[in-house]
Amino acid sequence: MIYVSNLTSSRLRILILSLAVCSFGGFSFANAQDSVPSTPVQKPTRLGGTQSDAADQASTDQASADQASTDQASADQASAKAAPYQAAIKLLPDTVAGLVRVPDVPAFCEAFKTTNIGRLLEDPSMQPFIESQRERAKSYFESLNNKIGVKLDDIYHISSGEAVLAWLRFDNDRRRPFAVVAVADVRGRKKESLDAIEKIDADLKAGGWNRTDKTFRDETIRVYNIKPKPGQLKVEQIAICLNDVRIIASDRESVVTDLLDAVAGQPKGPSISQLGLFKTVLTRSARAIRQPATADGGTIAMEWFARPFQMGRIVRESINIDRGTQLDILKLLEDQGFDAVLAAGGIAVMAGKEFDLIHKGFVLAPPTTNKPSKYENAARMLQFDNEPLATIPDWIGDNVASLTRINVKIEEAFWAAESLVNDALDDELFREVIDGIRDDEDGPQIDIANNVLPNLDNRILMLTDNTQPVQIDSERLLVAIRIKNGTVIRDSIRKAMEAEPDASKMEGPTGVEIWRVQKGEAEDDFGADLFDDFEETDEDDVDAAPPLLDHWAIALVQQGPSSDAPYLMFSSHPELLVETAKRIMEGAPAGLANVANVQRVFDSMQALGADSVAYDRIARMELSLRAKYQLLRRGELKDSDSIVASLMRRIVEKQDDGQPDPLNARKLPPLKDIEQYMPEYGSFFETTEDGWALTGFFLK
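With mature numbering (1 follows the signal peptide of the UniProt record, and there is no 0) applied, the sequence shown corresponds to residues -32 to -1, 1 to 668, in that order.
Calculated directly from the structure, the hints in this document are not laboratory data.
Be careful, since some hints might not be right.
With a straight-line Cα cutoff of 35 Å, these simulated DSBU-like cross-link-like pairs (lysine-lysine) come out [to be verified]: (1) Lys81 to Lys195; (2) Lys606 to Lys640; (3) Lys342 to Lys321; (4) Lys81 to Lys158; (5) Lys236 to Lys339; (6) Lys182 to Lys58; (7) Lys197 to Lys236; (8) Lys119 to Lys167; (9) Lys473 to Lys635; (10) Lys339 to Lys473; (11) Lys119 to Lys339; (12) Lys173 to Lys247; (13) Lys173 to Lys58; (14) Lys197 to Lys247; (15) Lys606 to Lys452; (16) Lys606 to Lys487; (17) Lys158 to Lys195; (18) Lys81 to Lys668; (19) Lys202 to Lys81; (20) Lys473 to Lys115; (21) Lys321 to Lys299; (22) Lys668 to Lys606; (23) Lys236 to Lys195; (24) Lys473 to Lys452; (25) Lys606 to Lys596; (26) Lys339 to Lys321; (27) Lys635 to Lys550; (28) Lys119 to Lys158; (29) Lys606 to Lys635; (30) Lys668 to Lys247; (31) Lys550 to Lys115; (32) Lys182 to Lys195; (33) Lys115 to Lys158; (34) Lys195 to Lys173; (35) Lys596 to Lys550.
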C-alpha cells in the first residue's frame, strides 16, 4: 500500500491496477487452461496397445488442411453403419463462436468411469451428498433445457456417436443476439430417440410451450413457442428435428433449417471445418496430442474451439448482465489490442495408463505489428518469454500445495498498462501518478521509472499452502519476483512502508527487513477504493464488500544459500514470508522438489514437451483443496480470509438468500475418505511466433 498525500484515491488506484495487471495478468491468462477439459463430453477412441491405428482415426491424426478436428473417430464408426454420416463440424457454419465436441458419447462414458472423478462420483461415501444435489442440479439443467429442449441426459441415452454443442452469434438481432445448437449422432438408437423426443414434447407442453410442426426438405421440425411475459422483448423459441441419423435442437428455427440445407449439400456458406482459425487451432492441437495419446493409450474425450471475444459477449448476454453505465470490459480490451487473440481450442485425452487426462491446446494470436512487442497498445503486455524448464528451487518447502512460475516482461508490461488504465478511468492520469509518487514532498518519493522497474527481473513465482488444523485463515499465498539489484528495491520498499500508516516492521531472519501491513480504520480505504469501481453496487451501499486482503507482508530477501537471486516477496500471511526468508537465508535443503509425486509431475512435464516454457504449474490437489474442502463441509468457506473466499462472498452470497448451507455440504464425506481421488496436476505453455501452445494434465 503506497501513500501519496496529494493524490486522489482514483489516482492511487492507477498505480495499483498497473502493478496488479503486470504481476498477476500472466497467471490469470495461463490458469485459464486449468479448467478447460476435465470432464465428460463425447466420443473417445482408444489409443495405444493393439489399437494404435486408432490414432489415425481420432483427433491425433495428420489433421489435414480440410480436416482440422477429429471427425476421423466418427467417420470410422460411420463406415460400420449403413448410412454415411456427415460430422457436425462439416455442417455447422463458419460463424460459430464456440463449440464443444465429444467424438463418441458411449466410449466417453465408459472411459470416464475409470478416471478419478468418475470413481469419486461412484464412491459410496459420496452418495448422500450426490442425492442431496439432485433437485439443485435438476433446477439448473432445466434452465438449460429451456434453451434448446434437449437435456444432457437425453444426449447420454440417445447418442451412438458424436455430440456437439455450439454457440452462434447473430449481431443484427438485438432481441436474440446469439443461438445455441446441439447435434448428436443417433444411428442405431431409434427407439431411444423417439422415446426421448416424446418426453421432451410432453415436458415442454406442460411448461406452457405451444408446438407447431413444419416440413423442410422432407424433414419434420417441431417448433415450440411460448407466450412472452409482460414487458419481455426477447422471443423464446425451441426447434427440434429428429431422423434416423441425427437429432438437431436449437433455440432458433433458422439454425435447424440451415443445418438441413448443409446436410442436403446446399449450405449457406463455408462450414466451421473450413475456417482458417479452426483448422489452425485444431490441427496444432491434434499434432501435439498425437504422440502422448498413442503412448499412454487413452481415449479421445473432447475437442473445443472458441473465438474469445465472441464467446465473452455470448456468456455476458446469456446470464443477463445489465451493466448500465459501467465499464464495458470486453470493448476496453478490444480497443487496447487484446483482440489480437483470435481463437483458442484444444483436445483432451482421457483414461490412459499414466494420465487421467491430458489436454493439448493452442491460443492463436498472430502479431499485429512488426515491433518486438508483437502487439499494440496494452496488449503489448502479452510478452511471455520461453526459458528452459527450471528445477524447483530449494527454498520452496515440502508443505507447498501449488507452485506457479511465469516469465513476464514486467517493465514493458507496466508501461503497456498505461493506455489501458487511462482508457478505463477516462482520464490521462497514469503518468501524473507515477510522477507524483516520485516528486511529492510528503510522499515516499520513489522513482518507479528509474529505480524500481529496471530492477525487476522477468521471473515471477506464486506458491500456496494451508496450515493445520484448518481454520478460516489457513490458506496462504506468496508471490516472489526475481530482482536484479536488491539494495535499490529494499530502499524503495522502506520508503513506501514508512509512509504507510498501517505498516510496521516485524522480526525476521538476520539481514531481511520484513514489513507487515494490517488494514486499519484509516479514512483512505485503499482496499475498498481499489475494488469498488468494479463492483455492481450503488455508491450509497453501506454493506459494500470488504477488500480482498486486510493483512499482508512485503520484503526484499537477498540472495542466500538456497536461492539463485534476490527476490521481492509479497505474502497474504506475514508468517509465510518469514518462513520462506528463513529457508533462503539458512540454506534449507530441497523441500518440494524432493516430494515423490511432485517429481512425477515434473518428469511428466518433460515427457510432454516442456523443454522451454513461458509458464509452468504444479498442483498437489489433495493439499490444494484440503482447507477449502474442510471449510466447505463446516459451512465456513465464505468466512475464510483467502482471496478465493473473498471473491466467493462477492459473487455467491447474493444468490443463496441467506441459506446457511445451500449446497448441503455437511453431507460431504471426510476428506480422508476421498483423498485417493485427488491426483497431482501439471500444466505449462510455450510461446510461439503466433500464440501459445498449452498443455495440462492430471496424473493417475
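Next on the checklist: Check whether the Cα positions of Lys473 and Lys635 lie no farther apart than 35 Å.
Outcome noted: Roughly 44 Å between the alpha carbons, so the hint for Lys473 and Lys635 is violated.
Next on the checklist: Against the 35 Å threshold, does the CA-CA distance of Lys635 and Lys550 hold or violate the hint?
Outcome noted: violated, 41 Å
Checklist entry - Given the proposed pairing of Lys173 with Lys247, does the C-alpha separation stay at or below 35 Å? => result Not OK: Lys173 and Lys247 at ~41 Å, beyond 35 Å, violated.
Checklist entry - Given the hinted pair Lys342 and Lys321, is their alpha-carbon gap at most 35 Å? => result Distance ~40 Å between Lys342 and Lys321 Cα, so the pair is violated.
Item to check | 35 Å Cα cutoff - pair Lys236, Lys339 | outcome: violated, 40 Å
Next on the checklist: Checking one constraint from the list: CA of Lys339 to CA of Lys473, max 35 Å. Satisfied?
Outcome noted: This hinted pair is violated, its Cα atoms lying about 44 Å apart.
Checklist entry - Are Lys197 and Lys236 close enough, with their CA atoms no more than 35 Å apart? => result Measuring from Cα to Cα gives roughly 34 Å; hence the hint holds.
Next on the checklist: For a C-alpha distance cap of 35 Å, please report whether Lys550 and Lys115 respect it.
Outcome noted: violated, 57 Å
Next on the checklist: Lys606 and Lys487 were given as a pair; does the straight-line alpha-carbon distance stay at or below 35 Å?
Outcome noted: holds, 20 Å
Item to check | Pair hint Lys173 and Lys58, alpha-carbon separation not exceeding 35 Å | outcome: Given that 35 Å is the threshold and the Cα spacing comes to 33 Å, the pair holds.
Next on the checklist: What's the verdict on Lys668 and Lys247, does the C-alpha distance respect the 35 Å limit or exceed it?
Outcome noted: Within the cut-off at roughly 31 Å; holds.
Next on the checklist: Hinted pair, alpha-carbon criterion (35 Å max): Lys606, Lys640. Please report holds or violated.
Outcome noted: holds, 22 Å
Against the hints set out earlier in the document, violations occur for numbers 1, 3, 5, 9, 10, 11, 12, 14, 15, 19, 20, 21, 26, 27, 31.
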